[in-house]
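**Student:** Each chain is listed here by its residues.
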Amino acid sequence: MTTDVQSNNSRVEQFLTFQLAGEAYGVEILKVQEIRGWEAVRIIPNTPAFVKGVLNLRGSVVPIIDLRERFSLEHSDYSPKTVVIVLCVEHGENQFVMGIVADAVSDVLDIKLEEIKKAPNFGSRINTHYMRGMHVYKKKMIMLLDVDKLLNPDEVEGIESLV
Amino acid sequence: MSIDMSQFHQVFFEECFEGLEAMESGLLTLDMGDIDSEIINTIFRGAHSIKGGSGTFGFTVVAEYTHIMETLLDEMRDGRRKVTQPAVDVLLGSVDCLREMLTAIQNERDVNNSSVAKHKAALEIVLNGGSMDESVPQVEHKPASESVVVNAAPDIPEEESGDLEEQGWKIAFCPYLDLLKTGNDPVRLFRELNELGELTTIVNIQDVPAFYELDPEECNISWDLKVVGDISGDDIREIFNWVEGDCEMEIQPLAKPIKSAPVAKIIDPEPLELVLPSNPSPKSAEAKPKVAAEIKKSDTQDSDNEAAKAMAKASSIRVDTDKIDTLINMVGEVVITQSMLGLVGENFSMDKVGQLKRGLAQLERHTRDLQQSVMNIRMLPISFVFSRFPRLVHDISSKLDKKIVLKLVGENTEVDKAVVELINDPLVHLIRNSLDHGIEMPADRVAAGKSETGTIELKAYHRGGHIVIEIIDDGRGLDKDKLLSKAIEKGLVEENSILTEKQIFELIFMPGFSTAEQLTDISGRGVGMDVVRRNILSLGGNIEIISELGKGTTIAIHLPLTLAILDGQSVAVGDETYIVPLVSIIESINITERMLNKVAGKGETFRLRNEYLPVIRMRRIFNVHSGNPTKSKEGVLVVVEGQGELCCLLVDELLGQQQVVIKSLEANYRRVEGVSGATILGDGSVALILDVPGLVRFSIR
Numbered sequence: 001m002t003t004d005v006q007s008n009n010s011r012v013e014q015f016l017t018f019q020l021a022g023e024a025y026g027v028e029i030l031k032v033q034e035i036r037g038w039e040a041v042r043i044i045p046n047t048p049a050f051v052k053g054v055l056n057l058r059g060s061v062v063p064i065i066d067l068r069e070r071f072s073l074e075h076s077d078y079s080p081k082t083v084v085i086v087l088c089v090e091h092g093e094n095q096f097v098m099g100i101v102a103d104a105v106s107d108v109l110d111i112k113l114e115e116i117k118k119a120p121n122f123g124s125r126i127n128t129h130y131m132r133g134m135h136v137y138k139k140k141m142i143m144l145l146d147v148d149k150l151l152n153p154d155e156v157e158g159i160e161s162l163v
Numbered sequence: 001m002s003i004d005m006s007q008f009h010q011v012f013f014e015e016c017f018e019g020l021e022a023m024e025s026g027l028l029t030l031d032m033g034d035i036d037s038e039i040i041n042t043i044f045r046g047a048h049s050i051k052g053g054s055g056t057f058g059f060t061v062v063a064e065y066t067h068i069m070e071t072l073l074d075e076m077r078d079g080r081r082k083v084t085q086p087a088v089d090v091l092l093g094s095v096d097c098l099r100e101m102l103t104a105i106q107n108e109r110d111v112n113n114s115s116v117a118k119h120k121a122a123l124e125i126v127l128n129g130g131s132m133d134e135s136v137p138q139v140e141h142k143p144a145s146e147s148v149v150v151n152a153a154p155d156i157p158e159e160e161s162g163d164l165e166e167q168g169w170k171i172a173f174c175p176y177l178d179l180l181k182t183g184n185d186p187v188r189l190f191r192e193l194n195e196l197g198e199l200t201t202i203v204n205i206q207d208v209p210a211f212y213e214l215d216p217e218e219c220n221i222s223w224d225l226k227v228v229g230d231i232s233g234d235d236i237r238e239i240f241n242w243v244e245g246d247c248e249m250e251i252q253p254l255a256k257p258i259k260s261a262p263v264a265k266i267i268d269p270e271p272l273e274l275v276l277p278s279n280p281s282p283k284s285a286e287a288k289p290k291v292a293a294e295i296k297k298s299d300t301q302d303s304d305n306e307a308a309k310a311m312a313k314a315s316s317i318r319v320d321t322d323k324i325d326t327l328i329n330m331v332g333e334v335v336i337t338q339s340m341l342g343l344v345g346e347n348f349s350m351d352k353v354g355q356l357k358r359g360l361a362q363l364e365r366h367t368r369d370l371q372q373s374v375m376n377i378r379m380l381p382i383s384f385v386f387s388r389f390p391r392l393v394h395d396i397s398s399k400l401d402k403k404i405v406l407k408l409v410g411e412n413t414e415v416d417k418a419v420v421e422l423i424n425d426p427l428v429h430l431i432r433n434s435l436d437h438g439i440e441m442p443a444d445r446v447a448a449g450k451s452e453t454g455t456i457e458l459k460a461y462h463r464g465g466h467i468v469i470e471i472i473d474d475g476r477g478l479d480k481d482k483l484l485s486k487a488i489e490k491g492l493v494e495e496n497s498i499l500t501e502k503q504i505f506e507l508i509f510m511p512g513f514s515t516a517e518q519l520t521d522i523s524g525r526g527v528g529m530d531v532v533r534r535n536i537l538s539l540g541g542n543i544e545i546i547s548e549l550g551k552g553t554t555i556a557i558h559l560p561l562t563l564a565i566l567d568g569q570s571v572a573v574g575d576e577t578y579i580v581p582l583v584s585i586i587e588s589i590n591i592t593e594r595m596l597n598k599v600a601g602k603g604e605t606f607r608l609r610n611e612y613l614p615v616i617r618m619r620r621i622f623n624v625h626s627g628n629p630t631k632s633k634e635g636v637l638v639v640v641e642g643q644g645e646l647c648c649l650l651v652d653e654l655l656g657q658q659q660v661v662i663k664s665l666e667a668n669y670r671r672v673e674g675v676s677g678a679t680i681l682g683d684g685s686v687a688l689i690l691d692v693p694g695l696v697r698f699s700i701r
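Residue numbers (the working numbering), protein chains in the order written: chain A, 1 to 163; chain B, 1 to 701.
Hints are computed from structural coordinates only; laboratory data are not their basis. Glycine residues also receive a C-beta, built at the ideal position from the N, C-alpha and C atoms. Mixed in with the good hints, there may be bad ones.
Some chain B residues near chain A, calculated using beta-carbon distances under 10 angstroms [as the list claims (entries may be wrong)]:
{"hint": "1", "residue": "E124"}
{"hint": "2", "residue": "I125"}
{"hint": "3", "residue": "L127"}
{"hint": "4", "residue": "R617"}
{"hint": "5", "residue": "I621"}
{"hint": "6", "residue": "F622"}
{"hint": "7", "residue": "N623"}
{"hint": "8", "residue": "G674"}
{"hint": "9", "residue": "S685"}
Sequences are here, hints too, so could you generate the full structure?
**Tutor:** Have a look at this one:
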């Protein structure tokens with residue numbers, strides 16, 4: 001392989017992978033602000049079910065989103081292993097801090113950009129626009145999420161209809 | 001070794017804008033009959049420090065401009081020149097022009113050379129004691145420039161056209177009126193330029209006066225030039241060397257310079273600028289669309305910049321040193337108390353409990369004081385807002401031919417910075433209204449037995465935890481009958497309905513309500529009174545009107561002193577805790593389910609002393625399922641007032657009163673209906689603050 005190709009295509013990005021209902025997902029590690037255990041949140045009235053509520057994160061009020069419900073996966077109770085991944089989301093010029101609930105965090109992987117495969121097209125029934133792509137690691141498939149699209153605060157309202 | 005000057009730019013701009021404000025208010029207070037030399041001095045000092053600062057930072061455009069103003073002011077100061085109203089008006093125009101220039105520079109935009117040149121010319125006319133003739137613009141030598149073009153064309157072939165996109169210079173050349181009188185001929189300059197590279201010119205003739213006013217010896221046109229080719233900036237500057245003092249110019253490299261340091265562009269001697277254009281008539285057709293496109297572009301840029309500016313604006317605040325000193329004192333106290341407590345804790349035994357309690361009490365007091373002083377830092381005198389109104393009144397009253405005096409009272413009343421920023425637009429609207437609709441024409445006033453000059457008083461004072469801003473005019477007042485009939489006509493009110501005086505005045509806040517017979521460009525467009533009221537309500541304030549027909553109108557705005565902290569009552573609904581702002585609570589009543597009456601199976605009401613109030617079940621409206629449902633048989637009714645409407649919130653329990661620090665929910669999420677914000681409770685959990693007016697609206701739906 002020539003060095004040219006390497007410099008162009010072999011850029012490596014780090015992804016934090018986590019478990020959700022037996023599947024592996026990944027988010028760019030640069031978006032991750034911190035990982036914390038699950039704790040009780042304050043419910044926000046009249047919001048979609050996947051917005052669990054808000055949390056006090058050192059003085060700022062951060063919404064917490066349950067990805068299981070967001071993806072219409074079966075619900076499970078929160079256990080001591082349940083984690084909240086606090087992400088920094090960019091939307092336009094604004095930055096938002098939001099948390100997602102995951103069953104457990106697994107690993108940080110170095111993934112070459114060239115090894116990320118495009119998300120398959122499932123037609124209109126399943127919306128994949130918030131997926132950055134797929135990656136196969138040790139024969140298991142990891143779905144890499146595009147955090148900025150997934151957690152767009154404006155979209156939070158109408159999201160249910162998309163899934 | 002070079003110091004990065006850009007770090008001081010922000011301060012420089014702030015100072016300039018302050019200086020401009022001082023100049024403006026000085027100019028407005030100048031009394032033609034009896035000139036106060038101290039005021040002239042103030043104005044002069046403003047101009048002088050702007051000149052000095054801009055020179056230091058290399059904003060030569062500004063420095064040159066201020067220099068002319070300064071010369072004029074200097075003569076006024078020494079009594080060599082009479083202060084006349086026209087001169088003052090020109091100076092006011094110059095203040096605006098300077099402000100534009102500085103804003104442009106601050107936002108890294110190009111300075112609008114033609115407007116600068118125009119103001120400069122006006123200044124010079126005053127300076128030269130200008131007769132009317134001179135102010136007349138004159139014709140340009142269009143023929144000359146055309147001939148240049150013709151010459152230029154044949155030369156083009158020798159140009160290197162390889163790097164058309166990349167190489168070359170853009171020059172804005174804006175000669176002063178008397179450029180030609182100094183023996184300089186733009187045509188010669190263009191010819192020389194054309195020898196350096198391919199020259200494209202665009203003529204700006206918008207400043208050319210009407211034909212019969214033209215003076216053929218004056219130069220009223222300016223040019224935008226583009227020279228393409230591998231040319232050094234020095235070569236270009238050399239060409240313009242001779243005209244340097246006789247024109248405004250800006251030279252910029254064509255290859256889009258990376259604008260990392262916006263200001264730097266101007267400082268940098270390399271790209272000097274100058275503009276000269278000549279417009280070949282054959283090209284003029286294509287040139288025009290180009291100009292139009294450019295204008296469009298700069299328009300959109302402007303709006304971008306404005307947004308950026310709005311964001312940047314929020315970044316700094318000037319604080320009295322006194323306030324800082326108090327703060328430092330406080331912090332000292334807190335540190336002492338903390339070390340005292342540390343000492344108690346080190347070898348703790350039960351006999352030290354008294355000492356511990358005393359220490360904690362002290363700590364509490366100090367913390368509260370500290371909080372108060374910190375909040376104080378955010379407090380600005382309301383004069384920050386008021387100070388721009390004299391100008392507004394001056395401009396508008398002369399436009400309307402009305403005689404109006406503006407009185408400011410209580411400008412030093414302090415209010416939170418956020419309030420200061422948000423109250424400006426509503427106030428401008430209200431004052432325009434008073435100017436336009438409130439105060440009558442001088443003749444009408446005399447006929448009504450009032451003095452010819454109308455008065456508008458802008459008054460600010462503290463009352464309770466609020467600041468009250470009143471706009472009082474002695475104009476014609478609101479006509480109740482007219483308001484009512486208009487409202488009926490528009491279908492906003494039922495016919496034959498009887499409204500109290502207050503309710504009638506409130507009508508003007510309804511969307512779509514306007515009694516103005518005709519719209520003017522001063523009021524009757526832009527934000528309506530409904531928007532004014534909505535803005536004020538969103539700040540947690542309210543607005544009321546008192547008016548007497550023929551005597552005048554008073555509009556009073558009540559605003560909370562700060563938007564950052566509020567007194568709240570925490571209430572429990574199931575497992576959830578909510579905060580109800582204390583100001584909106586009228587009373588709280590223990591009730592049982594039986595005391596609520598159902599209305600038509602839909603709503604519920606509660607009878608409070610002969611009044612039936614709608615009941616909002618918090619549990620239902622917020623979908624709270626937790627907690628013991630049997631308890632909901634009994635509950636507490638919190639009677640609240642929102643937007644003048646009373647209603648009751650049914651909650652499970654009252655928990656306690658406390659001051660809460662308001663946190664934005666929107667910062668990381670978005671607006672939630674019925675909730676105005678969030679706060680953090682003593683145990684670290686989040687509680688939502690109820691938006692009472694919003695809840696009332698929400699429940700009605």
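**Student:** All hints are to be evaluated individually against the structure, with a verdict given for each.
**Tutor:** Verification of the supplied hints:
no.	hint	in the structure
1	E124	violated (43 angstroms)
2	I125	violated (45 angstroms)
3	L127	violated (46 angstroms)
4	R617	violated (12 angstroms)
5	I621	holds (7 angstroms)
6	F622	holds (3 angstroms)
7	N623	holds (6 angstroms)
8	G674	holds (7 angstroms)
9	S685	holds (6 angstroms)
Comparing the model with each earlier hint shows violations of hints 1, 2, 3, 4; every other hint is respected.
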